[in-house]
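Colleague: Here are the chains, one letter per residue:
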Amino acid sequence: MGIQIDLDKCVGCGNCVPSCPFGLLEIIGEKVQVKDGCNFCGACQEACDYEAIVIEAVTQVSAPGDSHRGVWVFAEQRHSQLKSVVYELLSKGRKLADTLEAELCAVCLGHNINEVEELIAYGADKVYLVDSPALAHFQEDLYARKLVELIQEYKPEIVVAGATPHGRSFIPRVAAILRTGLTADCTGLEIDPETRLLLQTRPTFGGNIMATIICQAKRPQMATVRPRVFRKETPSKSRRGQIIKVDLDSEGITSRTKLLDFIEDITEAVKLEEADIIVSGGRGLGKAENFQLLEELANVLGAALGSSRPPVDDGWISYPHQVGQTGKTVCPKLYIACGISGAVQHLAGMQTSDYIVAINDDPNAPIFEVATYGIVGDLFQVVPMLIEKLKNE
Amino acid sequence: MEYFLSEQQKTIKHLARRIAEERILPVRAELDEKEEFPWAIIKDLADADMFRVFIPEEYEGLGGGCLDLCLVVEELSRVCSGVAISYAATALGCSSLLEYGTEEQKRKYLPDVASGRRLTAFALTEATAGSDVSAIRTTARREQGSYVLNGTKQFITNGGEAEIYTVIALTSPERGIRGASTFLVEKDTPGFTFGKKEKKMGLRASATRELIFRNCLIPEENIIGREGMGFIMAMRLLDRSRPGVGAQAVGLAQGALEATVDYARQRIQFGHPIISLQAVQLMLADMAIAVEAARLLVYSVARTIDSGAKDFTEEAAMAKVFASDTAMKVTTDAVQIFGGAGYMRDYPVEKMMRDAKITQIYEGSNEALRTVIAFELRKRKARRE
Amino acid sequence: MNIVVCLKQVPGITDVKIDPQTNTLVREGIKNIVNPFDTYALEEGVRVKERYGGRVTAISMGPAQAEEVLREAIATGADDAVLLSDSAFAGADTLATAYTLARAIDKLEQYDLIICGRQTIDGDTGQVGPELAEMLKLPFVAYVSKLDEISNGYMRVKRMVEDGYEVMETPLPAVLTVVKEINVPRLPSLRGLAKAKSAVIPVWTAQELGVDNNMVGLSGSATRVIEIFFPQRVGRGEIFQGELESQVSSLVDKLREATIV
Numbered sequence: 001m002g003i004q005i006d007l008d009k010c011v012g013c014g015n016c017v018p019s020c021p022f023g024l025l026e027i028i029g030e031k032v033q034v035k036d037g038c039n040f041c042g043a044c045q046e047a048c049d050y051e052a053i054v055i056e057a058v059t060q061v062s063a064p065g066d067s068h069r070g071v072w073v074f075a076e077q078r079h080s081q082l083k084s085v086v087y088e089l090l091s092k093g094r095k096l097a098d099t100l101e102a103e104l105c106a107v108c109l110g111h112n113i114n115e116v117e118e119l120i121a122y123g124a125d126k127v128y129l130v131d132s133p134a135l136a137h138f139q140e141d142l143y144a145r146k147l148v149e150l151i152q153e154y155k156p157e158i159v160v161a162g163a164t165p166h167g168r169s170f171i172p173r174v175a176a177i178l179r180t181g182l183t184a185d186c187t188g189l190e191i192d193p194e195t196r197l198l199l200q201t202r203p204t205f206g207g208n209i210m211a212t213i214i215c216q217a218k219r220p221q222m223a224t225v226r227p228r229v230f231r232k233e234t235p236s237k238s239r240r241g242q243i244i245k246v247d248l249d250s251e252g253i254t255s256r257t258k259l260l261d262f263i264e265d266i267t268e269a270v271k272l273e274e275a276d277i278i279v280s281g282g283r284g285l286g287k288a289e290n291f292q293l294l295e296e297l298a299n300v301l302g303a304a305l306g307s308s309r310p311p312v313d314d315g316w317i318s319y320p321h322q323v324g325q326t327g328k329t330v331c332p333k334l335y336i337a338c339g340i341s342g343a344v345q346h347l348a349g350m351q352t353s354d355y356i357v358a359i360n361d362d363p364n365a366p367i368f369e370v371a372t373y374g375i376v377g378d379l380f381q382v383v384p385m386l387i388e389k390l391k392n393e
Numbered sequence: 001m002e003y004f005l006s007e008q009q010k011t012i013k014h015l016a017r018r019i020a021e022e023r024i025l026p027v028r029a030e031l032d033e034k035e036e037f038p039w040a041i042i043k044d045l046a047d048a049d050m051f052r053v054f055i056p057e058e059y060e061g062l063g064g065g066c067l068d069l070c071l072v073v074e075e076l077s078r079v080c081s082g083v084a085i086s087y088a089a090t091a092l093g094c095s096s097l098l099e100y101g102t103e104e105q106k107r108k109y110l111p112d113v114a115s116g117r118r119l120t121a122f123a124l125t126e127a128t129a130g131s132d133v134s135a136i137r138t139t140a141r142r143e144q145g146s147y148v149l150n151g152t153k154q155f156i157t158n159g160g161e162a163e164i165y166t167v168i169a170l171t172s173p174e175r176g177i178r179g180a181s182t183f184l185v186e187k188d189t190p191g192f193t194f195g196k197k198e199k200k201m202g203l204r205a206s207a208t209r210e211l212i213f214r215n216c217l218i219p220e221e222n223i224i225g226r227e228g229m230g231f232i233m234a235m236r237l238l239d240r241s242r243p244g245v246g247a248q249a250v251g252l253a254q255g256a257l258e259a260t261v262d263y264a265r266q267r268i269q270f271g272h273p274i275i276s277l278q279a280v281q282l283m284l285a286d287m288a289i290a291v292e293a294a295r296l297l298v299y300s301v302a303r304t305i306d307s308g309a310k311d312f313t314e315e316a317a318m319a320k321v322f323a324s325d326t327a328m329k330v331t332t333d334a335v336q337i338f339g340g341a342g343y344m345r346d347y348p349v350e351k352m353m354r355d356a357k358i359t360q361i362y363e364g365s366n367e368a369l370r371t372v373i374a375f376e377l378r379k380r381k382a383r384r385e
Numbered sequence: 001m002n003i004v005v006c007l008k009q010v011p012g013i014t015d016v017k018i019d020p021q022t023n024t025l026v027r028e029g030i031k032n033i034v035n036p037f038d039t040y041a042l043e044e045g046v047r048v049k050e051r052y053g054g055r056v057t058a059i060s061m062g063p064a065q066a067e068e069v070l071r072e073a074i075a076t077g078a079d080d081a082v083l084l085s086d087s088a089f090a091g092a093d094t095l096a097t098a099y100t101l102a103r104a105i106d107k108l109e110q111y112d113l114i115i116c117g118r119q120t121i122d123g124d125t126g127q128v129g130p131e132l133a134e135m136l137k138l139p140f141v142a143y144v145s146k147l148d149e150i151s152n153g154y155m156r157v158k159r160m161v162e163d164g165y166e167v168m169e170t171p172l173p174a175v176l177t178v179v180k181e182i183n184v185p186r187l188p189s190l191r192g193l194a195k196a197k198s199a200v201i202p203v204w205t206a207q208e209l210g211v212d213n214n215m216v217g218l219s220g221s222a223t224r225v226i227e228i229f230f231p232q233r234v235g236r237g238e239i240f241q242g243e244l245e246s247q248v249s250s251l252v253d254k255l256r257e258a259t260i261v
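As given, the protein sequences belong to chains A, Y and F, one line each in that order.
Everything in the first sequence is counted per the numbering used here, starting at 1 for the first residue and increasing by one.
Everything in the second sequence is counted per the numbering used here, starting at 1 for the first residue and increasing by one.
Everything in the third sequence is counted per the numbering used here, starting at 1 for the first residue and increasing by one.
No lab work stands behind these hints, which were simulated from the structure alone.
Check the hints yourself; a few may be wrong.
[Stated by the list, open to error] These stretches of chain Y come out as covered by chain F in the derived footprint (C-beta under 8 Å, 3 or more residues):
1. 52-65
2. 187-197
3. 328-341
[Claimed, not checked] Below 20 Å or equal to it, Euclidean Cα-Cα: the simulated EDC-like pairs (lysine to aspartate or glutamate) are:
4. Y:LYS43 / F:GLU68
5. Y:LYS329 / Y:ASP286
6. F:LYS180 / A:ASP361
7. A:LYS391 / A:ASP276
8. A:LYS287 / A:GLU369
9. Y:LYS10 / F:GLU43
Ideal Cβ placement from N, Cα and C applies to all residues, glycine included.
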C-alpha cells in the first residue's frame, strides 16, 4: 500500500511537482521521487500525463453490512433552545435521506427543550428525545455515551452534527468509541448514487484546497458542519413525524467533568480577525452615530464591525476596529465596505477577502476595483434596504 | 555576503531577529509615541538569555564576545534603535565590572545582570563635560569606610530604570582628570536621586535622565579598580563599546534600507514603481554600499577585539564614525525616497531618521573621534603592516 | 506532574497560493512549521511545570523531519521529546493518528496531563484531541482559555463557548485542547537552543510501539481523501445597475447563492 513511481513511464517532466500540496515531490536525476509524509491524496496522480504515478488502493478489512440505514442529525440545544444549525442540517439531511430513500431522524439530548416539534417541521421523520435533568447542561461523557447507545441500537448509516464548540468536543469521542470515520467542518455533503456513500467535502489549508472524503467501510459515516454553511429551508407545520421518548438510564455513567459556572460574555463573541463576515465603515458615514446603522447590518449578519482609518482618527469608533495598513489585516469570507473610498492603505488590510462588497456613491472610488460586487449609491439608502432584505428571508 | 559567523553567533543573531520582529515591531511606534520604557521587551530579552551574551560563564553568562553583542544590538536596532540602546547600555554599564572588578564585586552583581533582573547604566557625562571629559566635577570624598558622592551626571541612558550605575567621580579633584575613580552605585542609595526624564528627538523608548548625588554614601568596596584609574578605565571601556554603537547604527541603517526598497517597489508614479527610476536606483545603491561597508568595518573591529588585541582605539573610532554617518545619511535618504509619506509618522522612516542623529553625537562625538583617528595617524604615520 | 504535549509539523499554509492560470499550487519555498496552536499547548504545559513542578514531554507523529518541531519544543521549555515515525503511520486520518499517539502515551506510562492545540492549520479538524482522550479513556475539555488551578488531583479550567465561558472541573489525568487566548508562547532561550541542539530524540516505530498494524496509517483510517480540487475563484467586479432596490436584491441573491449569508 502506498505511492509508487513507475520509473519506466516517468519522463521527468515535472508536472506533478507543483501539484503536491505538501511539496513532497522532486525531480532527482530526471525521475521524480516522493519524500516522506505522503498521505495519498492523489493530486499528483491526476497531474501526471504518463500514468507514472500509482497509488495503491487500500483493501478495507470489512465491508459494510446492509444493516445500517437512515440519516441522523444531532439536535444540539443550549439553555433549552435548539440551535439554528440543527434546522440547517435537517434541511440538508432531508435531501440526503430522500436520495437514499431512508429515514431522517433527529436526536435530542437535554431537559425541557422547547419546540421539539420544529424538528419534524424541518424534515425529521422521527425524533429520539432523551429528556432528563441530568442532561440539562452539556456533559460530555453522558452525551457521548447516550448517543453511542442510540447509534448502536438503531444503526443509522449517516450522522451529522453542528460544528459548534460542544459539537466539536463530543462528536469526535463518539466517533472514536465507534471506531468510525468523522469529517469535520464539511461545506458539502452529497450522496454518491452508485455506492450510497456520503461524499464529504471540506476545505483544507485554510481554504486554499478542497478535499472530498469518504468513509468507506465503517458505520455510521459521521460529519460535522459549520453553522450557516447550509441553508435552512422553510419549515412545514403540516409534516408528520414521531417523537420517541427514550430513557436516559445513566447507571454507571457519571460525567467526570463538571460544570461549575457559566459566565456570559457577548463582547468577546465576534473578534474582527476571526469573523467570517465584516461590515466596515469609512469617512462616507459622516459622523460617529452612523456606525449604529452598520451595527444593525452587522447584527443581522452575525458580523463583526470594522472601520477604515479616518473614522478611528476622528474618534467615531475605537482603534481595535481599524482595518488596514496601520490597523488589522483581515481575510473574511465577506467584507462589506460602506462609504470607504478604498485607499491603498485600507486595501492592504482586506483585499484578500473572499467576497468584497462595496457601497459608495462615488463611481470612481478605488474600492470598486477590488470589489466582487459593487453598488454605486447612497449608503444611507442601500444599507437599510440590505437590512430589510436579509431580515425578511 | 558571507560574514563567517560561528554556529553560536548565527543562533544568537536569529533569535535576536525573532525577538525584534515578533515582540518589538508591533509596539515600536507606540513606544516612540508614548516615550515608554520597554520593560516587557526587556523581559523577553532576559527570558531568551540575551543578557547572558556579554557575561562570562562563571557568572551565569554565556561568555560571548564583542561580535556576539554587536549581532544582538544590530538585530534589535534594525527594528527599534531605542530598545536596542536600552540593551546595549546595560552591556556598557557593567563593562567596568567585567574588565576591572574584583571577584567579590563580579559575583555580587553580574548574575543579576545576566538574568536581566537588573539593568545597568554608565555615568560619565556632565553639564560641563561632554567631549571634554576632563571637566567633570562630581566628587567622591573618602570618609571612614565609605565614599561620599556629590554632583550631577547628565544625559544618562537607562537613568532611573537601571539599578546598577557605573559612576566616574573625582576622588582627588586637585589632580584633575587623573584624580578620577570609578564607582558602583545602586539605585535607592540615600542621597542618589534622578532628574526629570529628558524629552528627546529620537530613541524615545530609551530613558535618559540626570543622576543627582547629594552626600550620597556608598561603601568603600564599591570602588572599581584603584583610585585615580577612573579616566583610563573609562577611555578603554568606551573604546570597547564603540563597535556596539556602530552595530546600533548599522542595524538602524539596514532597517531603513529594507523599508525603503519595499516602498520603492510598491509606490507607483508615472505608471511604474519608483524603483524603476534611475534617480532612486542610484540612491539605493549608495545606501546599500554604505550599509555593507559599515557592517563589515564594525564586524572586523569586533573580531579584532575578540582576538585579544590590546590597541584598538583608532579602529573602534573608525567603526563608530563611519557607521553613524552612514546611518544618518541612509535614514535621511530613506525619508527622501519615501517622499511625502516618509514625513508622516505612520511610516517608520521618519523615526529612524530621528533615531540616527544621536549616533553621530554620543559615545564620542564624530568630530572628537576624527581627531583621535588623526592623532593615531600622525603617530604611526598611517603605516600598516 | 508529568505533562505530555502533542505537536504536529505542518506546511506554512499562508504561503500557499494558487496560480489562477494553471490552477496549480504556487509553492515559493514553503517552510514547514510547528502547528501554531500547538505552541500555545506547549507554553501552557511549561507554565504548569513551572508552577507545580514536573516534566514536559513533547511528542509528535510524522516523517523524520518532524524532529525539527520537537527540537524547537525543547528549546522553548520541554524537558524531552519523542518522535513517532514509521512508514506504516503514513496516510493516517484523525482516528489512526489518535490511536498511534495513545499507544505512545501509554508507553510513557506516567502522565497526569495531556495538552493539544485546538486544531491544526492544515487539517483544521480539531478531532485528534477528543479522539485521543477516548482512546486513553480520559476526561476531556476542549477550547480551554485559562487553566485556573490544580489541586488534590483535580483541575479547574475555563473553556470558551460561543456566548461566554464555562468553568469546568475535571479529575486528572485528563486531556485538554487549548485556544490562543490562553497564553503568549515564549520565544526560545539561548540555553534552550543549545540544549535542543544536543538533545537525543528517540524515534519510536510501529514495532516499538507494539501497535496493531490495522489501526495505524492508511489501514487504520476510517476516512480517506478521494479527490482534491481548487475552489472556484471569485470573478471580479460586478457593479450592479438599475434601481437601488433591485441592485440590493441582486446582491443578496448572489451572496445567498454563494452560501455566504
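Colleague: Taking the hints in turn, state whether each one holds.
Modeller: Status of each hint after checking the structure:
1. Evaluation of the coverage hint for the region 52-65 of chain Y: fulfilled, as 3 residues show C-beta separations to chain F shorter than 8 Å, against a requirement of three.
2. By the rule of at least three residues with a Cβ nearer than 8 Å to a Cβ of chain F, the coverage given for the region 187-197 of chain Y is violated, with 0 such residues.
3. Closer than 8 Å: that is the beta-carbon criterion, and the region 328-341 of chain Y has 0 residues meeting it against chain F, so the requirement of 3 is violated.
4. Proximity of LYS43 of chain Y to GLU68 of chain F is assessed by CA-CA distance (about 26 Å); at most 20 Å being required, the pair is judged violated.
5. At most 20 Å may separate the alpha-carbon atoms for a hinted pair to count; LYS329 of chain Y and ASP286 of chain Y meet this at roughly 10 Å.
6. This hinted pair does not check out: LYS180 of chain F and ASP361 of chain A have alpha carbons roughly 40 Å apart, beyond 20 Å.
7. The straight-line distance between the Cα atoms of LYS391 of chain A and ASP276 of chain A is roughly 18 Å, inside the 20 Å bound, and the hint therefore holds.
8. Between LYS287 of chain A and GLU369 of chain A the CA atoms are separated by roughly 26 Å; this puts the pair beyond 20 Å, and the hint is violated.
9. Straight-line distance between C-alpha atoms of LYS10 of chain Y and GLU43 of chain F comes to about 25 Å, which puts the hinted pair past the 20 Å bound.
In summary, the numbered hints that this structure violates are 2, 3, 4, 6, 8, 9.
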